[in-house]
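Chemist: The residues making up each chain are set out below.
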Amino acid sequence: MLIKNFFTKKKKYASIPSEKAKQEIPQGLMLKCEGCQKIFYIREWSKHLNVCPECGYHHKLPAHDRIDSLMDEGTFEEWDQHMTSKNPLNFPNYEEKLLKDKEKTELAEAVVTGKGKINGNETAIAVMDAQFRMGSMGSVVGDKIAKAIERARELQIPIIIFTASGGARMQEGMLSLMQMAKTSIAVERFNRSGGCMIVVMTNPTTGGVSASFASIGDYHFAEPGALIGFAGRRIIEQTIREKLPKDFQTAEFQLEHGQIDKVIPRSELKQSLSVVLNLHQVGGGQA
Amino acid sequence: MKQVLEFEKPIVELREKINELKNLTKDSEMDLSDEIKTLEKRLEKLEFGIYSNLSPWEKVQIARHADRPTTLEYIEMIFTDFVELHGDRLYGDDPSIVTGIAKFCNIPVTIIGHQRGKNTKDNIYRNFGSPHPEGYRKALRQMKLAAKFNRPIITFIDTKGAHPGKAAEERGQSEAIARNLMEMGSLQVPIISVVIGEGGSGGALAIGVADKLHMLENATYSVISPEGAASILWKDSKFASKAAESLKITASDLKELGIIDQIIPEPKGGAHKDIQYQAEQIAQYIKDTLMELKEINRDELIEQRWEKYKKIGFYE
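Order-wise, the sequence lines are chains A and B. Going by this note's numbering, 339 is the number at position 34 of the first sequence; the sequence numbering is gapless. Going by this note's numbering, 233 is the number at position 228 of the second sequence; the sequence numbering is gapless.
These are computed hints drawn from the structure, not numbers from a lab. Quick caveat, the model's predicted, so the values are computed rather than measured. The reader is advised that the hints may include incorrect statements.
[What the hints assert, rightly or not] Quick look at which bits of chain B chain A covers, simulated, 3 or more residues with Cβ under 8 angstroms:
#	segment
1	164 to 174
2	178 to 184
3	248 to 258
For every residue, glycine included, the Cβ atom is placed at its ideal position computed from N, Cα and C.
Working from the sequences, and respecting the hints, build out all of it.
Modeler: In structure tokens, the structure reads:
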């Protein structure tokens, strides 16, 4: 601070915030619900695992917060933590985008895999994070998921996969598309060994992820209101030239159309998952 | 109606000029044979220059050409005793995927392929080659029969993609594609896939998990259409040619990336210029591949298939 500024102290007036300013929310302290538009303290928000305490809207949950919310304390052991993407096609601006999302999410890629215990039940887990490149599946995401399924097979433990993805990652072109085959064949091998695979679809689960490992689990659960589907709403509307109903491609819509087993609110997930895992320990062939 | 592509116009114009001169000499006493010869040489050079330096976007145009031969045409030329089989036994029959059994070099095989229409009416019937879930489920039914009767599977890929529609979503488009990917991983018979036109993302892959994947020289295979990528990246589908380059969708690019096994040569200007030649080429590649795969024991075959897909990807 310059000395002259020290003497010329500016007088501060109390100001009334404009309507616009009121709508804006201080960064890092408060958040606006995407469902009911109400504003909440982040602290209160995280207490509810990013579910709106007013309207129940399920917001995105960072991968590690998800793991913390499910796994018994101190049991989680992460796999392939440092695998990161390269730019195999020299796709314009891809590296910059990766770097930005690494900083934003503090993740190396869009999925975290590992194993741990849920209410004492040992399980492998893969959690996708939609904040990293929309959770899109490129080489690393595909490979980490396939590796996790393979490890679960070797360890003879179940696997739970939380999906959150806009689909295949465009910037890795056909290498991304082939991850659909890789992950799906990994599931097939897991099935042949008698493994149990639970998929929990969260917002959004679409495109190439929806059309590969996400849709071939033994049990399909979803969070309320999650967008689940193959093609994007805009593309479908353009193709069929009509407006789609509001609930189109929601978890509830998929339940109605026989694509998922159950819609489970986030607050009940740990309990529900541990019940299902436990049922497989009692009657199933796995220890 | 012959569809003329933008970059082919100079060739067409020159050829017309040559024909004009030829007609002129026919009707008059003038001898223009020297001029005609010169022009024909120039035409040859021009064709070579254009067709041997096609950009990815120009290849997309060829792959989408209205006259480009489709699955059914190749079936007729390559196989004998073809019996088309219909329906998924669950919901309906999808004409945008053709399935059946036939003989190839005296071996019974199962054939599955996307089917585009050859004209507007046909295209509407075939839904422009974009399948609904019942198409993929019909394909799966055929694949399981192939495994049961120990028949190799040959698939032809030629689609813009799985149909993005309301009914398709309601009937589980994602599940239908995913299940095929999974099941194809464990079929204990050889699977050979050939991309004959456009390979459009998951809708193409759903019949394309194969022991060997070949592509026609001008075919394309992409995770997203160049127009789609352009509108996401540059907010304008006009940049499709730029996207086509960035996405690496041509046979030569994909060979380099290790995604495909072999490139099947096309006649100058594309498969539609000489369908007979093209069919013979495809038949030869299928035959060689089949001989190669025939030797592999069944368990080993699916293990190798897994190893092949497991390896695809670049990372640190």
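Chemist: Confirm or reject each hint.
Modeler: Hints versus structure:
| no. | hint | result |
| --- | --- | --- |
| 1 | 164 to 174 | holds (count 7) |
| 2 | 178 to 184 | holds (count 6) |
| 3 | 248 to 258 | holds (count 4) |
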